[in-house]
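Q: Build the full structure now, drawing on both the sequences and the hints.
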Amino acid sequence: MIRIVWRRLVHRKMATMTMLAALISVYTLIPFGLFQAKEAKSTVDSSIEKYGRGTYDLLVRPASSRTQVEKTLGVVEENYIGDGKGGFSIAEWKRIKADPLIEAAAPVASLGYFRGKQFSLELPFLENPSRFTYQFYTSDGYKNYPLGSSGTFVYFEQLDPGTTQYVTTAQRFGSAAMMIEMPENYYLLVAIDPESEQQLTGIDFSKLEEPLELDRPQDPKAMMLKMTLENYGNPPVVKVLQRDDLNIPVFLRLQVDTLEVSIEKYLRSLHLQQGQWMMSASPEKIAEVLKELKKERVVQSKTIDLDLSKFQKPFDGTALILNDQWQLNVAQRYSIGGDTSVYYVASKIVYQHLDSIPTIHIVQPGEPPSYKQVEKRGVSMATATKLPFIIEQVGTFSPKKEPSNKLASSPLGIYGGMEATTEEGRTLTPTTVPGSFIPAPASGVTTLEAAELIKGKKPIDAIRVRIAGIKKYDEAARRKIEQVAAKLLKQGYEVDVVAGASFKEMTLDVEGIGKVKEPWTTLGVAQRLTHTWNDMSLVTTFLFSCFALLWLAMRLVFEKNLLALENEYLTLLGWREGQIRKRNAIEQYLLMTVALAASFSILYGLDAALPLYGVAAGLWMFSIVLVTFLLHRKEERKERTIAYRRFSSIRYYRRWIVPMMGILSLAAVLLAVQIAALTAALQETAETALGEYIRNATFWVQISIILSSTGLAAIGVSEGVHTLLSERKSEFQMYEMIGWTRRTRLWHFAKEIAVWALSAIILGLAFASLALYLLHVSFMWSVMGLSSSFVILAIMIAVIVWTRHFDAV
Amino acid sequence: MIRLENISQSFKHHSSKIKILNHVDLVIQQGSWVSIVGPSGSGKSTLLKIMTGLLKPDTGTVYYRDLDLYRMGEREKSDFRRRHIGFVFQDFKLLPYYSVLDNVILPLYYDKKKQELYEKAKMLLLSLGIQEPLFSRLPNDLSGGEKQRVAFARALIADPDVLVCDEPTGNLDRENRDHMIEILRSFNQQGKTMILVTHDMEVAAHSNCIYLLKDGLLLPNEVNV
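If you read the protein sequences in the order shown, they are chains R and D. In terms of our numbering, the first sequence opens at residue 48 and continues consecutively. In terms of our numbering, the second sequence opens at residue 290 and continues consecutively.
Hint data in this document are derived by calculation from the structure and do not stem from the laboratory. Please note that a few of the clues may not be correct.
DEER-style ranges, computed between Cβ atoms [to be verified]:
#1 L805(R) <-> E421(D): 24 to 30 angstroms
#2 T850(R) <-> H312(D): 36 to 42 angstroms
#3 S305(D) <-> F814(R): 33 to 39 angstroms
#4 D467(D) <-> F814(R): 28 to 34 angstroms
#5 S329(D) <-> I51(R): 49 to 55 angstroms
#6 K503(D) <-> R50(R): 37 to 43 angstroms
#7 R693(R) <-> D448(D): 56 to 62 angstroms
Cβ coordinates follow ideal geometry from the N, Cα and C atoms, glycine included.
A: Next comes the structure, spelled out in structure tokens:
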């Protein structure tokens, strides 16, 4: 028996090779495809485990703290904890912190926008009398905005190092140097608990807890503070650590006009004698003289633009001196000003049109305009004799660059180095005044006690909670986080799972600027990603398995039909039914076993994991059972006598065509669902940095799954068409003899294939539509998947048909 | 009308070459009935294929009214066959899924209007003794004689000048064979050329000339009947 089977296989070389190739493809591609789906899932899981956890896990806020944008879009801007109105007392925070499930609970209390000390910038003494006209600017990267009003100094001469002749209205008190006071800038001050904050960020904030020593006669700063405190009723000192890595955009435009003037003339105008100091005149007289000087002829003029940004610090700046070469240096002598008890509080930005592109409107026009409600608070030194507090910078800090983990956002909510870009790619930054549409980072931190002093009994806006005992962000970690979240929710707080947050680029429409892109943060994206990829993986595995099993079934039905004619001959020759069945079964078993051995070799060559061999063996066993079942199944056929009116050839060859239609329909479902679900998942996950990372890590795996499916469909259909043509060889001989050209024969056959192939594909796409609907894949991605599947299969069929030879003679 | 000049054809068999036609020359006049007889495997069918432009010979060529068949392109050759040659095969080559009527119109399926073709096919079938009730039947439901008459009707649908028959009576019983011979004779009497390949000498005896194909040679001494 084996001999006769072997001879048949050898005799039908082409058919045997095709069948073997098909079986090897199934036994190799299916385990490979399933493995790839599993691989993609484990890449996703490990990426999330590794990168999914940020600096903290839960954000706890007082009830009803969620902004509209959070509720609607599920995203928050950088520094989103700023500009809060409080809600937690220190006692409440301590109670939350005491929970043993909580490793760290770091509070944040946004206090408002404060100004630090203002230092001076000294102008140079030039050879000739000159007029200096200056204006400070700030910038958001898009436009420059003037800071304060412009001022003028007119320099005449320097008699000796102690006496300089100049006039100005910009200086309240005259001095030996021409000193411009730097502009008033405001910076966000945030209160923290130094110990918890260090737990979260790793930054040392302990200087905030050190006592302030004022009795240090050798330290002019300490002496000055002591004096101020004494003058203003000994108010409490708010100790501040200023952030030292901020870029504070401050620019100076200086116009220098060389004048040809006589000092004597203007001494007379000021009613002063020769040798008297010009700045000793009354301010009114000085203003008149400055007006007069405007009429003087300018001999030479030049404009100098200076970038002072790198010398700016939020709460304690640097005094500067400009030399006659217009270079900036740190000054040894300077003046200090600063009304540190005056501050501003701002509301949160209100985003409109959240259903399309979130829009930000100007709330208070100005230079620069304010996009938030800003309210002035505090007491000015100029008018009060007693102050509620005085700000004193006691040290610096620099937040660690978060992206040791760029994928998961660690939205500490206060340190974000927020940058936005315009449509033209210009970088926008917060300005130095409160009210910028870009949420400002904390420029200084202080203690919770200071927060109570400034903001009242419930100063804390939010508590960032890190759960104890979590090593990686996996399912167990997620459950643990959710357990604590539920507990806090029960206590009436607003709780957000921040673990697994990631960046997402948002487009905003900002009044006066246009479209702006900002990196926002999606809270809990890792959880969503896991769900998305779990669904995707499930769909892929399910469809691929179905496709594999049905493909095999269809293929064997096809083979059985192919054997029908031979079986008839063998019966005529006197073979018993059992013998025929045995011959057919042995042939199929032999083919399947050889194919399994070949696929094992391929898997070995690919260094495949052990379970893949198991899948291949499982498929082999399924094939054996299936072929045994099919060969035992008896079919009764009715011979038809009257011709069908339509699709007669398709109906006649349906035993071959129906299995091929089945394969095509399945391929259409698999490809459409896979492409749609994959593109949707890719798009959804690519919105965030973590998702993008996962997309990049799994992209080729997913593509290889799609290619495997297409390959299987191509092999199945190609083999089917080949066999169909072989069966109809004499038909094509006849067509050629009766004078049909190759083109006519091709067209005739293509029409026939188009009917059944398109019907099969359309049927498959109908099932795919239903599947996509049930999987909640959006309409756009469904259309994308369905049309791609159609195009791929249509091209594949066209290529298979086009490359066949119809020269049967 | 048909002229074969110096036709040779060989086939590869494993490593050796078998010469099946060896410098064959043949002239067939219009309206003649030529039979080619010979043992199985002598190359009769190969000669028919070469004669009708289906198989390019190793040497020599075929002229149809001074047109060199093998200088024609694939499309021209197909058109030539469709318009000038009708084929009748031993195994009928009727498509099992088409009705009798559809099988008959196949040669001109893409050339003429279907209605016109059906009318002509019906007339042909009726003239060949196939009655209307059989028109919509599938070939499998017909007897051997009926199948051959349907195949004959298909060969005549394009009104060819030449009828090429490859063992047309091979699968028929005596009664049907005689009937088929009558049909062939009446076709020949209309002035059409008949080329018949057979090894049935009784059928060949009805032709004007009989050629014997043996050992690659078409025997030069014609047997005039």
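Q: If a hint holds in the structure, say so; if it does not, say that too.
A: Here is how each hint holds up against the structure:
no., hint, verdict
1, L805(R) <-> E421(D): 24 to 30 angstroms, "36 angstroms, violated"
2, T850(R) <-> H312(D): 36 to 42 angstroms, "39 angstroms, holds"
3, S305(D) <-> F814(R): 33 to 39 angstroms, "57 angstroms, violated"
4, D467(D) <-> F814(R): 28 to 34 angstroms, "60 angstroms, violated"
5, S329(D) <-> I51(R): 49 to 55 angstroms, "27 angstroms, violated"
6, K503(D) <-> R50(R): 37 to 43 angstroms, "38 angstroms, holds"
7, R693(R) <-> D448(D): 56 to 62 angstroms, "29 angstroms, violated"
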